[in-house]
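K.L.:
Residues per chain are reported as follows:
There are 2 protein chains.
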Amino acid sequence: MNAEIVAVGSELLTPRRSDTNSLYLTGRLNELGVEVTTKTIVGDDRERLRDTVRLALSRAHIVILTGGLGPTEDDVTRDAVATALGRNQLFRQDLCDGIEARFRLRGRPMAEINRRQAYLIEGAEALPNPNGTAPGQWIEEQGRAVLLLPGPPNELQPMFEEHCLPRLERLLPKQAIRTRVLRVANMPESEVDQKIAPVYTRYTNPATTILAAAGDIQIHLRARSGSVAEATNLVEALAAEIEPLLGDRIYSRNGDPLEVVVGGRLRERGETLSVAESCTGGMLAERITSVAGSSDYFVGGFLVYGDRMKTALLGVPEALLREHTAVSKPAAEAMALGARERTGAAWAVSITGVAGPSGGTEAAPVGTVFIGVAGPDGCRVHHARHMGDRTRVRALATQTALDLLRRRLG
Amino acid sequence: MNAEIVAVGSELLTPRRSDTNSLYLTGRLNELGVEVTTKTIVGDDRERLRDTVRLALSRAHIVILTGGLGPTEDDVTRDAVATALGRNQLFRQDLCDGIEARFRLRGRPMAEINRRQAYLIEGAEALPNPNGTAPGQWIEEQGRAVLLLPGPPNELQPMFEEHCLPRLERLLPKQAIRTRVLRVANMPESEVDQKIAPVYTRYTNPATTILAAAGDIQIHLRARSGSVAEATNLVEALAAEIEPLLGDRIYSRNGDPLEVVVGGRLRERGETLSVAESCTGGMLAERITSVAGSSDYFVGGFLVYGDRMKTALLGVPEALLREHTAVSKPAAEAMALGARERTGAAWAVSITGVAGPSGGTEAAPVGTVFIGVAGPDGCRVHHARHMGDRTRVRALATQTALDLLRRRLG
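Residue numbers (the numbering used here), protein chains in the order written: chain A, 1 to 410; chain B, 411 to 820.
Hints in this document: simulated from the structure, not taken from any laboratory. One or more hints might be untrue.
What the hints assert, rightly or not - Anything over 12 Å on all C-beta distances counts as not near chain A; from chain B, calculated:
| no. | residue |
| --- | --- |
| 1 | Asn498 |
| 2 | Phe501 |
| 3 | Asp507 |
| 4 | Glu532 |
| 5 | Leu581 |
| 6 | Arg588 |
| 7 | Tyr613 |
| 8 | Leu655 |
| 9 | Thr735 |
| 10 | Thr771 |
| 11 | Glu772 |
| 12 | Pro786 |
| 13 | Gly788 |
| 14 | Leu814 |
Unchecked claim - According to the in silico footprint, chain A covers these stretches of chain B (three or more CB under 8 Å from chain A):
| no. | region |
| --- | --- |
| 15 | 441 to 451 |
| 16 | 474 to 482 |
| 17 | 513 to 520 |
| 18 | 695 to 702 |
| 19 | 706 to 715 |
Just so we're clear, the structure is a prediction, and the values are computed from it rather than from any experiment. Ideal placement from N, C-alpha and C gives every residue a C-beta, glycine not left out.
Okay, chain A solo, but in the shape it has when bound (with noise of 0.2 Å):
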């Protein structure tokens, strides 16, 4: 079973609002088991959303309309959705007099255009709305459902969960899904793909997405089953052919991001951790506290963006940076271990390099990184280039200490 959502509104089209009622009916279906396979925002057009109306009817069970519900000629909801049915609208009564109570009871005296939203699309069944004045709209047709929904989320909310998911419980075969999201650091997404699509192209059910950000891969699981032992099943077979596929690159098998993963490795030992950035200039340690709970493993560090605060805070000879330059292996180590010692913390990370746009030189070009990983059992350098922007670079260098940092931690 599928779904397509079609929000209603000229002010979703603009540059800083987004439909967030999309988000939340997308979380309910999937948790029926019903796919949304297409979200559509469209504007106050009745031509328009008629056409969208009619292409969601041509491939969709369920076609969910939020919004343009509301009193005025901009609310072109019913209209549209009547023409694509090719249905007509007739007015209630008892519609009417509850948004006529309802203004009464905030003394107020109902408007004369109110009137247009105690019209039904025939065949239709009004969902009561006790948050606002437009009623919702239940709508069969051969099998398929059609609901019309108030844009506030006050009222769409409550109104789906109380008269919809009901409706729609009826209508659906019964359905459980299981998920399992494995992510993976620092490997290119065709690397990934290759590796694992021999397999998991194998199978419709479990489905299989992949998700690539800088330097993270996600793979998404998703299986159905009448049953939540099989769905269980279905998932954690694939999950157990893909795994060894990726060996050790898999760092999470719960979908939780690296530095949470991190951080319950550290947590597990009861060891602590500090940092020395360079070039990252405390990027790796904001994402290590947005943990909450980060203060039970993580001490501090030091910000060394200047080679005389390298000097200055972590005790890097100065002969050390004239000889090697600070972006260097030597430079690195000396970083890592001086933040050792001076926090005492059983583990320190650090990053040097060249973020650019500028300050690249032909020993170390924009986008070389050294890492260096301190802990009880010696000090190991990293040294990589990254390809992209500042804040790609930057994103990119983090990733791979806190993967570093992963391993060593065993």
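Put chain B on the given structure of chain A with help from the hints.
P.N.:
Leaving out everything else, chain B in the frame of chain A:
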């Protein structure tokens, strides 16, 4: 002129993901006088995408597709658009060579499946992508334009700025547009609006838009006219009316963010800056160093997450912490002074507080933040309580810290 935007990717149809590219594109298109009339998100499905593109082509002058240009079977945008337009796809050896060179630069072989990204729809111009493997495509048909752009924002935005804007400007009727962006820190949106609405509501040209983020309000003024001089006059006249109403709460008159404004003032004064961060854990320094060239004035600083580090790294007396706790005016002052002395920077900013969700006390509930600014003329401490979750409390603390420093820098 109107545009439709189609985002491609099943991952954008999950309950937690939003399509942010379309917000950026809408902003840029609006500046060109192009209205966005429909936005659609379609999963990785050839037929659905083909039908959506056909509907968009039937009613929009400009159709922009984002995402789905990757190398895997899931990446259906090229195929769907070619089918919707009834055109073939042609393999381009030069594009393939470019993709291969990109892999070589990173010391990796190109996977066979990446060859897919070297196919161009017949009649399309390839748009270079310096930040990724997928080239974009620009197609003109009967005065309409179809754009295929990569999904990652760091690839899409530079490509749009450099290669799409000039082509769109050539296609569109000539119109001069002049904008001005005023920015205000730490004022509620309603308060800003109450002050300036009596002025800006008198004009439809320039149009005024107010955008609100955590602790940051942007006021966008946008004038259109047949001549550049007239558009400039219109926008400057409105700005001159608004600015006195907000006075020194305005920190930027050209849209620059606070970290750029503060950096510019430090550079003008030839002075340096250091930080000492507790609850923000590097977020303040990360913002400061996100600006290219920030090494001119930012020297570094201290992450003193635990109390012990405040004493060990900054010399905050243990007795002071025992008596007043780490979230207190004396602690913030000692941190700022300690950082200034140890780094030798002209200025030092300290932040200590309770970001939550736990750790609050009666004296310092969650959201309490003390910010110290130490400079050549002494140290002052600011106390605030911010509402919201951990991320928001931390973001508001860095925003307040930067604005306090801006005011001290005069």
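K.L.:
Now, for every hint given, state plainly whether the structure supports it.
P.N.:
The hints, checked one at a time:
no. : hint       : result
1   : Asn498     : holds (25 Å)
2   : Phe501     : holds (18 Å)
3   : Asp507     : holds (17 Å)
4   : Glu532     : holds (25 Å)
5   : Leu581     : holds (21 Å)
6   : Arg588     : holds (17 Å)
7   : Tyr613     : holds (18 Å)
8   : Leu655     : holds (22 Å)
9   : Thr735     : holds (14 Å)
10  : Thr771     : holds (15 Å)
11  : Glu772     : holds (20 Å)
12  : Pro786     : holds (19 Å)
13  : Gly788     : holds (23 Å)
14  : Leu814     : holds (18 Å)
15  : 441 to 451 : holds (count 7)
16  : 474 to 482 : holds (count 3)
17  : 513 to 520 : holds (count 3)
18  : 695 to 702 : holds (count 6)
19  : 706 to 715 : holds (count 8)
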